[in-house]
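Participant: Listed below are the residues making up each chain.
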Amino acid sequence: MNIFSILLKNLRMGPITLRFPEEVPHPEGFHGPVKIQTEKCICCGMCAYVCVSGAVRVVEHENNCEWAYSPGRCTFCGQCVAICPVGALCMEDRSAPSYFRTEALNEMHRVPYPLCPSCGHPTPPVREAILAQAFKEVTPEILVRGRLCQRCRQRASQRGLVSIQVKGEIPPRQSDN
Amino acid sequence: MNWEKAILSLFVFPGLLYAVPMAWLVLWLERKLRARMQGRIGPPFYQPFFDFVKLMAKQQVHRSNFDSLFMMGLPLVAVAAGLLALALLPISSDSKGFAGDLVLLVAFLEVPSLCSVLAGFASRSIFGQVGATREAILSVTYNLPFLTAVVALASSAHSLRLVDIAMAPAGGVRFFAVLTICLCLPVKLRLNPFSVSNAEQEIYSGSETEFSGPQLAMWELAHGLEWMALTGLVVCLGLNFRTGTWIGDFVIYTGFSLVLVILLTILATGTARLKLKQAARFYWRWGMGLALVALILGVFPGIERFIR
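For the protein sequence lines, the chains are A and B, in the order given. If you're matching positions, the first sequence starts at 12 in the working numbering and goes up one per residue. If you're matching positions, the second sequence starts at 67 in the working numbering and goes up one per residue.
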């Protein structure tokens with residue numbers, strides 16, 4: 012007769028089902044919607060490259076970069092978060108919200124390009140985190156070089172080569188590659 | 067039984083107008099109570115009605131003429147049999163019935179089960195056929211004690227008229243016979259622990275597996291009417307008094323029917339499905355034992371007098 016006492020207990024306790032929009036607490040490391048920290052993003056587009064469902068798109072413009080995300084398409088696989096070299100992406104520990112129209116959840120963030128200190132042209136940001144991965148030690152010179160646009164950076168490199176040829180001086184090695 | 071009263075019983079109370087909403091209410095009560103006992107919320111009270119409307123609006127699967135005739139005809143026959151069985155129940159004190167209405171009621175109560183067996187084979191689905199076979203075997207097992215109990219009641223009241231049986235003085239025969247009929251209710255309604263003929267985890271829904279749309283809606287309705295008719299039968303035969311007023315009889319009939327529904331639901335929720343062999347053994351041993359006691363007491367009334 013144990014089963015009937017269990018049934019009676021259930022009847023007295025009421026339903027354990029949570030009514031929408033209530034949710035059970037999500038476990039640690041739950042794969043929820045992807046969130047971006049624009050101040051960390053370097054607009055490399057790796058997240059869009061690995062996204063199997065095409066939920067993440069990165070579109071480059073002249074003076075900014077557009078990071079678009081549609082949770083309606085997302086499979087919450089977490090590949091974009093894993094591949095991001097600067098840790099700009101993370102997954103929220105909540106379920107994707109319900110919606111009537113798929114587009115209602117779409118998100119779009121703009122990552123503004125900083126201006127090149129040399130020529131004033133907008134250039135994709137290079138953060139210290141990515142420089143730290145490329146170089147053993149991030150010196151002030153590397154930081155300055157990183158802020159330059161591609162063209163100015165090439166010129167600076169050319170100038171460095173010319174100085175070696177003309178003066179015969181070999182500047183101390185900065186990088187490990 | 068005059069014609070006006072017969073038509074009123076068939077179409078108003080306890081027939082169509084009363085039985086169909088009550089059938090939906092009973093189906094809801096069963097689902098809701100089961101859900102609550104399992105810690106779920108369960109459907110709102112209008113859900114069976116919405117299910118019915120939605121199923122009725124669905125497109126039918128195209129079949130050959132002969133097949134579609136069977137597929138549509140059988141659930142309709144089951145619904146009609148349910149309504150006719152309800153119309154025969156001696157609910158109010160002024161219902162007279164007619165000689166032999168007991169036999170007709172027993173026949174009508176068996177029609178939905180028969181239709182279910184035929185539908186299972188007509189649907190040409192392997193699940194339907196397995197369900198139909200199980201239903202047919204169960205029908206043989208539970209009808210033996212069920213019919214014996216009915217015969218015991220009839221022989222003790224010396225009448226085949228339902229109202230005579232219902233109004234007969236209470237005694238051992240009535241007690242054992244009604245208990246046997248109660249024992250047969252779960253299997254007749256295909257409820258746990260005797261739900262082997264529509265075992266949803268094994269053979270989907272047995273003979274109704276291939277049915278959809280309006281045909282399935284009719285099966286659902288037939289099932290609800292079966293609930294009403296069988297619980298009504300137990301209430302009508304179990305209580306040998308009538309209040310004398312229409313409203314009093316109505317309240318008693320409805321109230322006791324709902325109590326039976328609740329008890330059957332508790333039994334169905336608290337038990338697991340038995341095998342066909344176990345179910346057959348149970349009915350032939352316990353059901354038949356009780357029915358035989360009722361029959362012996364009914365045929366030899368001296369025994370009961372001697373015991374007292």
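What the hints contain is simulated information worked out from the structure, not anything from laboratory work. Any given hint could turn out to be false.
[To be verified] Which residues of chain A face chain B? A partial, calculated answer using Cβ under 10 Å:
1. 17
2. 18
3. 19
4. 21
5. 22
6. 24
7. 25
8. 26
9. 28
10. 138
11. 142
12. 146
13. 149
Values in this document were obtained by computation on a predicted structure and should not be read as measured data. Idealized CB from N, CA, C, for every residue including glycine.
Participant: Against the structure, test the hints numbered earlier, and report the numbers of the ones violated in rising order.
Facilitator: Failing hints, ascending: 10, 11, 12, 13.
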